[in-house]
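Novice: Below are the chains, spelled out letter by letter.
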Amino acid sequence: MTSPLVRPPRKNPIPRTRVASLPPGMRSRVALGLTAAAALGRFELQVCRDCGRVQYPPREACCACLSRRLDWRVQDGAGELLSETMLRHSFELFFRERMPWRLGMIRLDCGPVLVAHLHGDCSPAPARVRVRASLDRAGQAVLIAIPEKDTPNMADDRQLREMTCDPKFRKVLVTDAKTALGQALVDALVAAGADLVWAGCAEPWKKSPGFERLASIPQISLLTLDLTDSRAVRDIAGEIGGRVDILINTADYHRNFGIAARNGIEVARAEMDMNYFGFLRLAQEFAPAMRARAADGQSSAVAWVNLLSIFALSSFPPHGTYSASKAAALSLAQCLRAELGSAGVRVINVFPGPIDDEWNQALLPPKIAPGRLAAAIIDALRSGAEDVYPGEVAEDWLARWRDNPKALERELASASR
Amino acid sequence: MTDSVLTQLVADLLAQRIRIVDLTQTLSPEFPQIVLPPEMGQAWPFRIEETSRYDERGPAWYWNNFSCSEHTGTHFDAPIHWISGMHLPNASTDTIPPAHFIAPACVLDCSREAAADADFLLTIDFLRNWEKQHGRIPPGAWILMRTDWSKRTDPVAYQNLDETGQHTPGPDPAAVRFLVDERRVLGFGSEAIGTDAGQAIHLKPPYPCHYYMHGSGRYGLQCLTNLDLLPATGSVVIAAPLKIKQGSGSPLRVLALVPTPSDVPAHRRKRIGTRPAKIAKRRAAKKRL
Amino acid sequence: MPRAAYDDVVIAAPVTRPYTRYSIRGAHWFLAGALAELMRRCGLAKQEIDGLCVSSFTLAPDTAVGLTQHLGMTLRWLDHIPMGGACGIVALRRAARAVQCGDADAVACVAGDTNHPDSFRMNLATFSQFARDAVYPYGSGGANASFAFLTAYYMRTYGATPEDFGKLCVAQRANALKFPHALMKKPLTLDEYLTARLIADPLRLFDCVMPCAGADAFVVLRRARAEQLGLPYARVLATIERHNAFPDDPVQYRGGWALDREELYAQADVGPQDIDVLATYDDYPVISLMQIEDLGFCKKGEAPDFVRRHSLTADGSFPINTSGGQLSAGQAGAAGGFLGLVEIVRQLTGQSLGGAVPDARVGLASGFGMINYDRGLCSGAAILAAP
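Protein chains in written order, with the numbering used here: chain A, -15 to 401; chain B, 2 to 290; chain C, 224 to 610.
Okay, chain A solo, but in the shape it has when bound (with noise of 0.2 Å):
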């Protein structure tokens, strides 16, 4: 059984604070297949169109009839634990820390075999199971088997924890928790467990109804940050950037505006200022000790969360200059992901479709309600994922873009007019 995670102890400032080290991250071309889909949460295996045969490993061709038509089907991950070890020697760094670690051969009910980590709470071989896909330290996907039926406190599991970015205990930086969605992440953090939310807010002396509330809950410090001010990031970043392990940038400037319905730059101007810019300054201040602390105990820094928009894969022509800088953020995003991804502090992007506040007021129905876009964010946290498509509309979107973005492009040109 599981034991539920306690409050680490206090750091002690002697010893050397130890450095990341990452599991193997080399895959070939076709199994980051895997990887792909992992970073949605999703497991997926190839199934051959010819014969239906299931494939593990990725390969190039079905083992069973050579066809090279394999397609990447989501999987139940329904299967029996065939055999079982707890590995007490490794050969990397990452594992040898890390010892002793559970690992085992399930054969999936769909057919592969497959070597995964092994949860702790998962009973000893023959035994049902199921196996899911989940992003390592190293930002690619690897197999968990996890036990049939849920067990209490199953998210603490150590191996588990290695794979997940829980709140739990864990120091969280809000960059605007003025807004809707920024009051109900802060409380959802709160109670996921974490120890400190840091809410920001730039601008103090604009009020926002709900915001006041925050300063009595004794978990949460107010924080004024502007993304704008160059040398405010880096005062702040200088105050409490080395206890930061989660960073999510919620700094949004949302404006209505394509390219012809407002006359100047000055509008895209402050879009990019903030959701560009705002990210790069932050990037640059809060990205290296997280680095450092990539490895620093239980609470460790852990992820960098951005809110973009489903607009950035596509943009949406009335809120056109807004579409182009979360576009903007999205590549510095892939950017930062490779930077932060050699000390495995996994950058998380999520894409919501229309938010239902102020700035989306005038679009129609459906909306994801604040809450339930902190609830999302929440759970990418704990889960292996890292490109997170919340709602209706982010789900749709994201299916015709993968099927076709010429053809969304078109479809957010007409119905635009």
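Honestly, the hints are just simulated from the structure, not real lab data.
A portion of the hints provided could be inaccurate.
[Claimed, not checked] Non-contacting residues of chain A with respect to chain C, defined by C-beta distances greater than 10 Å in every case (computed): (1) -15; (2) 57; (3) 200; (4) 203; (5) 223; (6) 276; (7) 343; (8) 359; (9) 395; (10) 396; (11) 401.
[To be verified] One side of the interface only, derived from the structure: several residues of chain A facing chain B at Cβ under 8 Å: (12) 212; (13) 214; (14) 250.
A quick note: this is a predicted structure, and the numbers were derived from the prediction, not measured.
Don't be surprised by glycine CBs; every beta carbon is placed ideally from N, CA and C.
Using the hints provided, position chains B and C relative to the given structure of chain A.
Specialist: Quick look at chains B and C alone, frame taken from chain A:
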């Protein structure tokens, strides 16, 4: 004769018989910027980006790039800034006659009234009362409304916004018309974020100080400080905006030349007119909520 | 179509170079050493060797081709066998047919590797595409983890106990103590085996081979040539090889020998009861038990019982791995695939360096290897006979 007046000026400055009082707020990212409804174009707050600091970006030098609105921090409003002045000649910062950049100042102490009521409006009655004590307002003078608003170092208190908007003191329409028509002043200066009161949109006409001053080719000064160090009359203000092509205004350094009272001994003259370091520190600490 | 016999193809000149734990030398150094000794033993000049078969994990970026120019050899037959523990059997098979058909007169077969402190880890990380994608990211335990799965499954399914595996390891250690080139020099008791530290449950320290540097070699030629050179030789009676046998077995509990052993014995015209000395590929004890079953010495699942009933030292009732096997001699990379075959040749030609099996007339060498993903893909075996 002018020669000896200027020579005398220099000598008086050196001997602190004339002191220089800095009426300018420091330009920094923390200084509040005027807030308009979100649908409007916004004035940029002061922002500064380091270019190099004796490092790999420039080994032996330190410098920055900065950005701001023409109307950021302590700043000057030119007549072209308002619709009522759009057609006037010599109405932009590059065409205003430089002779207008040095002028006498009348300081109106409304600090008690403003402390009691953030929406205090300066009236003709107040002006007439002031003239009874200090004499007639001369033509071509700056009218500086002292409210001690600059002592509100907390940005939240300085902006003083609530659900009905901003609440800062300013002149009422009749007072402005009086200053323009009856006294032919050079312009109006305020310690708050605007020359007009925070609720001036509800006056008739809206924003009467901007409307009438700029409409008659006069100027404005905002976010002034240290007005409490000036006498009611006798100061000379130097306020020269940047020479921006078709500029509607600019941040600037506003200085007042103030005669030291003759009974102040020489060793004390230097200390008058400088703000103690203590207050600067308090301002920095007040960055937190 | 029945397999052709091997006529008078023979195997001779068993060479084992001294094994060392680590070396700063490259693989070329060890292979050259083995080839030089081979030539000395055969009395052959370099130019008289017209065929070469090479196996090595650490020769990269060279293959056998690079080695020819590196060592100044001109050949009319060349092969490179990347089959790990089966490379000895497979090299013998390739060389034997070449000599039999006249494509070459004297084929030198050599296998060897160097070992630097980090080279084993580097080899593991890039061992195969499947290993890199689907095994190494899980704990990076190398073959230890993979064989832990097999061992646990085998124990659960057939009731094998740690004592069964321990008996094998202890016997091989006793064999190794007499073998001059073995890395392990200290005796091993069953108690030490049972209480050694766990590596990957249920495997303990003495279930695992020690990677090292070294090389082994032999020559394949016609009997007439061997006699002309005055070389003691062993006759090749029969060989088999198989790759990716039983792919639908969810966990490997049997190898390719189970498919081909009938043909092996038929071609050799002997039965399991005729085998005087056995060499199994022993990267882990469980695989030796699997080979004992699949090569017909007992039924599937009965190897634990077989081991309990026999003594396994050179002077025992069923000698296995008389030079100590890899578990006690060490695993010099690909040379591990030659070690057992070379020892069988020694036993059959009276050239044993350690404990000799009395009156060894027929021997069987088995090969196994290449854990591409979750099981060893290559298997092979050869039955040799004294002249």
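Novice: So, for every hint listed, does it hold in this structure?
Specialist: Taking the hints in turn, this is what the structure says about them:
no., hint, result
1, -15, "holds, 19 Å"
2, 57, "holds, 18 Å"
3, 200, "holds, 46 Å"
4, 203, "holds, 36 Å"
5, 223, "holds, 38 Å"
6, 276, "holds, 24 Å"
7, 343, "holds, 43 Å"
8, 359, "holds, 31 Å"
9, 395, "holds, 37 Å"
10, 396, "holds, 37 Å"
11, 401, "holds, 47 Å"
12, 212, "holds, 6 Å"
13, 214, "holds, 6 Å"
14, 250, "holds, 5 Å"
Checked against the numbered hints above, the structure violates none of them.
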